[in-house]
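Quick note: to get this note's numbering, add 18 to the position in the sequence shown (first position is 1).
These are calculated hints, taken from the structure and not from any lab test.
Among the hints, a few may not be true.
No more than 30 Å apart at the CA atoms, straight line, and that leaves these computed lysine-lysine pairs for DSS-like [stated by the list, open to error]:
hint, residue 1, residue 2
1, K219, K353
2, K279, K152
3, K353, K279
4, K172, K152
5, K92, K152
6, K346, K172
7, K344, K279
8, K375, K279
9, K152, K344
10, K344, K92
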Amino acid sequence: MNQPFLRRSTRILIPSIHNNNAHRQIRSSLLLLDRLSLPHQYRPLSSSTQRHDDNPPPSRTAANLTSSLLELSKARLSLLVVTTTSLGFLSAGPSLLLTQPATLLAVSTGTALCSASAATLNQVIETPSDILMKRTRNRPLLPQSNGRPAALSKEEGLAWAAFTGGSGASILMACTDPLTTLLGVGNIALYAGVYTYMKPKTEWNTWVGAIVGAVPPVMGYTAATGGCVLEAEPILLGSTLFLWQFPHFMALNWMYREDYKRGGFNMISTSDPTGSRTSTFITRYTLYLSTLPILSSLMEVTSPMFAIEGIALNAYAIYVARRFHKDKSNANARKVFLTSLWYLPCFLMLFLLHSKKWHSDKEEDSFNSSNNDGALLDWISKIQGAGREACLHELIVQKNLWVQFASSSSSDDREEKIELDESKCPVALVKGSVAAAEKKSRDVIDADTSREDGSV
């Protein structure tokens, strides 16, 4: 029996589905086709003869589930959140490593869980847009490009968001203070609610997203101090994170501008065909960022060395920003983005090493610390000392200065050796000389006052 005849026989038999004996007819026709050993492509598909999919869904193993949940939580972003939260906590003083380690662990964990919840809710809401973009089309809540179904359903995503958000808020509430808890929960609402809602509507979403990124170091500081937010350290750290996000995100946004346009997002780059506005914002906020080390030193939050090192750090950041301003290529945008990745940890570490709270805490704790505590403080001192030895400014003068004073109690000038601060930086030396001169002047005035009182 030839194949054309079989195809005609199949077309005759299959329409009988509308008769009363439909199931019997279909079964009989399938048995007949099997007996005739038809080639595979001519056989109708049934539950017993259907071929296996070339891309079956992956088995739900613990490893696959963990990987999907980490991707849904944006684990790398959460790691950045943990880092900035911890540095915000430590900016209140190194002694907190010894006295409040549980609080540090709690605020870092709670903030990371809140960040995971916000990221998950964002992906649940943006599923229709993410599937249109190349850089997001393989996210766990979307059907994969190879034909496999989504690794996680939306219901599972919502459940994960509720779990991470609830547990994060509970940890913050139980182990920190009400203000830190409020900031954590508020950041979920700000990111998953306001920021996500604004992305397809207005380019001002970038500024709202920058606020979200500025909150974690403030949370770290408030957890360390019991809710003190209106102090110099949290304001400076929050401002650093806020300003840093503009060159970081706008460079990324420029590289994927076509992708964002496909997704329907209203970003600066999607309405900036020449890149002039994007490059202007990148340069402007890089310049704003470069003022913070100087401002921090003027406010006496850090030593003057932070301002000097900040000049070198920010000079390169400004250089790559200006390079992108002249040539708005993806390669130069990528250079800005990669520079931002190492710039932030360098900035924050220098901020801590030159923090005056770290120096004052170290001096106070050195008198009444245990052996383990003393070892930790010694380790911190070695790191700070290594930084000073690597500084060229530290190597051009000696540790001790000879300062001459004319003593009003004697006709002869005498030299007095005054040992200044261990720092050999010229700025610190000048400040030390001034402090020593002021101290000597006060001593002389006090001596004259005492003699006058005695004579009366």
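Results for each hint:
no.	hint	result
1	K219 - K353	holds, 29 Å
2	K279 - K152	holds, 11 Å
3	K353 - K279	holds, 22 Å
4	K172 - K152	holds, 20 Å
5	K92 - K152	holds, 17 Å
6	K346 - K172	violated, 39 Å
7	K344 - K279	holds, 24 Å
8	K375 - K279	violated, 47 Å
9	K152 - K344	holds, 28 Å
10	K344 - K92	violated, 33 Å
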